[in-house]
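Enquirer: Protein chains in written order, with this note's numbering: chain A, 1 to 354; chain B, 355 to 521.
No lab work stands behind these hints: they were computed from the structure.
Please read these numbers as outputs of a predicted model, since none were measured by experiment.
Glycine residues also receive a C-beta, built at the ideal position from the N, C-alpha and C atoms.
It is possible that some hints are incorrect.
What the hints assert, rightly or not - Lysine-lysine pairs mimicking BS3-like chemistry, simulated, CA-CA at most 27 angstroms apart:
hint : chain 1 : residue 1 : chain 2 : residue 2
1    : B       : K479      : A       : K337
2    : A       : K337      : B       : K476
3    : A       : K125      : A       : K11
4    : A       : K11       : B       : K484
As the list claims (entries may be wrong) - A few chain A residues that face chain B, going by a derived Cβ cut-off under 7 angstroms, partial list only:
hint : residue
5    : L124
6    : V164
7    : K165
8    : M169
9    : Q172
10   : H240
11   : P241
12   : A306
13   : H309
14   : P322
15   : F324
16   : S338
Listed below, chain by chain, are the residues.
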Amino acid sequence: MDKKKVSSVLKKIQQLCPLSHSGLDHLKHIKKTKKNEDEEDLYCVLCVVPEDVTNISHFFKTQEINNTGQYSNVLIFLKELQIVNMSDFVVEDTTSYALDISRVPSFAPRTHEEWTEWNSIWPLKPAKLPPNIQLFDIKTNNTFEGEDEYSNLKITKKEAEAAVKYMKMAWQISEEARSKYNNVVPVGAVIVRPSPGQSDQVIATCFDESIASMSPYKNLFDSVDMSSSPCCKVPLESTHPLNHATMMCIRKVAESHRPLFETVAVVDGGRKRKLVTTGDDDKLPYVCTDCDLYITHEPCCMCAMALVHSRIRRVFYAVRNPLFGGLGGLFSIHEQKSINHRFDVFTWDQNKVI
Amino acid sequence: MNEAMNMAKEALSLGEVPVGCVLVHNDTIIGRGCNATVRTRDGTRHAEFEAFDQVLQSGHPPSIFRECQLYVTVEPCIMCASALRLLQIESVFCGCMNDRFGGCGSVLPLHDCNVTEYRPYKCMKGTLEKEAIDILRHFYVQENPLAPQPLKKEKKRAKRAERLNKT
Ligand SMILES: [Zn+2]
Ligand SMILES: [Zn+2]
Numbered sequence: 001m002d003k004k005k006v007s008s009v010l011k012k013i014q015q016l017c018p019l020s021h022s023g024l025d026h027l028k029h030i031k032k033t034k035k036n037e038d039e040e041d042l043y044c045v046l047c048v049v050p051e052d053v054t055n056i057s058h059f060f061k062t063q064e065i066n067n068t069g070q071y072s073n074v075l076i077f078l079k080e081l082q083i084v085n086m087s088d089f090v091v092e093d094t095t096s097y098a099l100d101i102s103r104v105p106s107f108a109p110r111t112h113e114e115w116t117e118w119n120s121i122w123p124l125k126p127a128k129l130p131p132n133i134q135l136f137d138i139k140t141n142n143t144f145e146g147e148d149e150y151s152n153l154k155i156t157k158k159e160a161e162a163a164v165k166y167m168k169m170a171w172q173i174s175e176e177a178r179s180k181y182n183n184v185v186p187v188g189a190v191i192v193r194p195s196p197g198q199s200d201q202v203i204a205t206c207f208d209e210s211i212a213s214m215s216p217y218k219n220l221f222d223s224v225d226m227s228s229s230p231c232c233k234v235p236l237e238s239t240h241p242l243n244h245a246t247m248m249c250i251r252k253v254a255e256s257h258r259p260l261f262e263t264v265a266v267v268d269g270g271r272k273r274k275l276v277t278t279g280d281d282d283k284l285p286y287v288c289t290d291c292d293l294y295i296t297h298e299p300c301c302m303c304a305m306a307l308v309h310s311r312i313r314r315v316f317y318a319v320r321n322p323l324f325g326g327l328g329g330l331f332s333i334h335e336q337k338s339i340n341h342r343f344d345v346f347t348w349d350q351n352k353v354i
Numbered sequence: 355m356n357e358a359m360n361m362a363k364e365a366l367s368l369g370e371v372p373v374g375c376v377l378v379h380n381d382t383i384i385g386r387g388c389n390a391t392v393r394t395r396d397g398t399r400h401a402e403f404e405a406f407d408q409v410l411q412s413g414h415p416p417s418i419f420r421e422c423q424l425y426v427t428v429e430p431c432i433m434c435a436s437a438l439r440l441l442q443i444e445s446v447f448c449g450c451m452n453d454r455f456g457g458c459g460s461v462l463p464l465h466d467c468n469v470t471e472y473r474p475y476k477c478m479k480g481t482l483e484k485e486a487i488d489i490l491r492h493f494y495v496q497e498n499p500l501a502p503q504p505l506k507k508e509k510k511r512a513k514r515a516e517r518l519n520k521t
């Protein structure tokens with residue numbers, strides 16, 4: 001098959017069926033398998049299909065390519081691309097092409113082991129992976145063994161030890177809130193501002209208040225599947241469904257800064273604008289600049305973007321949220337190219353959390 | 355959408371990035387919001403969140419959002435688009451796009467990505483687009499004195515606004 005033709009066809013498919021639409025940004029679009037010495041089979045992700053679809057070609061013909069909203073984690077792909085007329089995305093010769101279903105990893109890998117394992121199922125894009133070590137084991141209280149393990153880390157051993165301390169604090173906060181919520185443990189979070197030379201400052205501790213006054217969701221400690229109890233799994237019957245732990249923390253930090261700024265906006269005929277502050281703006285903090293967040297559960301997409309807006313420095317979370325997580329679970333908002341603020345995210349070996 | 359534009363003008367008069375929105379339920383406006391990030395020192399106080407809080411504070415149950423339409427002058431950012439998904443908003447109408455931060459397709463498709471728990475919503479663009487761009491341009495002729503560094507997002511937005519204006 002003509003290489004030029006292949007690449008133009010693939011481009012078209014990538015345009016028509018963007019992987020970002022199904023939260024599958026971590027996959028490569030194409031999979032190649034060697035048929036024999038000279039021939040290669042090409043497979044290309046088209047769209048996500050529901051688990052119960054039996055007649056693929058009928059499903060494919062009735063499917064609007066862009067709308068993959070409600071489906072789960074199985075993919076259709078297309079064999080032998082050369083048969084497809086991509087100009088209007090119609091398969092012309094029905095005898096020589098094939099649609100098939102393949103399983104693919106539905107979320108981005110978090111460890112090197114996962115990457116290697118899942119990459120053998122479907123090729124993954126190269127990923128910026130969190131440190132390939134267990135930072136902290138909540139259950140056994142084991143921390144680290146050996147200095148060498150930190151050599152490939154973006155944090156020092158001292159910082160990693162502090163991370164353990166603050167992560168425990170986050171779990172404690174959620175434990176303490178248990179009585180408020182009929183024995184449900186909400187997400188807990190801590191924001192810390194490290195101050196060089198002095199001891200760190202804990203500037204906000206909050207728990208998820210969106211679950212107040214509603215029937216409890218699963219007790220986090222009782223539930224088998226920890227990943228299913230993230231901050232976004234809150235019924236709409238709550239008093240304020242958006243008061244996630246992260247949002248509460250950010251609000252607290254902003255409130256604590258407000259007295260520092262007596263801001264007066266002066267508007268001159270709706271054109272020129274002067275701002276008068278009581279302090280020296282350069283020295284005053286901008287929301288969470290230089291701060292770190294420690295949180296029991298991965299922030300959802302809303303919270304993740306709120307952290308971008310707040311200029312957080314680093315985030316440490318324990319339990320992944322594949323449903324709606326914004327820091328690796330569903331999307332990796334902290335690594336989006338178009339976004340002007342990026343930060344590092346650390347997590348723990350998911351098998352050893354709790 | 356004209357009401358949303360009025361909110362954006364209010365934001366401008368308060369020295370904020372001029373973005374405004376209204377929430378409509380059964381043809382009645384039940385919440386209004388304009389950007390408040392400068393006043394509150396809180397980078398998350400976007401117009402949408404101000405409007406959500408107004409609706410909840412006036413005693414409506416959170417379930418009301420399921421029957422609401424949002425009219426906003428600029429495409430909701432990823433945070434607001436996610437919040438709208440969590441609230442299961444019925445539909446969203448916006449003025450101009452948001453290249454850097456847009457959560458309804460520009461950067462990420464939070465309005466209809468694959469999350470079974472929350473129903474997707476439709477996001478219609480281009481209502482009063484020119485006005486929405488003009489007011490942003492008007493703002494960015496001046497600097498945002500409170501940002502830690504010149505906000506690239508806004509610069510880009512203004513650039514895009516200019517580009518759109520030429521065509
Ligand atoms: Zn959240
Ligand atoms: Zn927003």
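Enquirer: For every hint, state whether the structure bears it out.
Expert: Here is what the structure says about each hint:
no.	hint	verdict
1	K479/B to K337/A	holds, 23 angstroms
2	K337/A to K476/B	holds, 25 angstroms
3	K125/A to K11/A	holds, 17 angstroms
4	K11/A to K484/B	violated, 32 angstroms
5	L124	violated, 18 angstroms
6	V164	violated, 28 angstroms
7	K165	violated, 27 angstroms
8	M169	violated, 23 angstroms
9	Q172	violated, 25 angstroms
10	H240	holds, 6 angstroms
11	P241	holds, 5 angstroms
12	A306	holds, 5 angstroms
13	H309	holds, 4 angstroms
14	P322	violated, 10 angstroms
15	F324	holds, 6 angstroms
16	S338	holds, 5 angstroms
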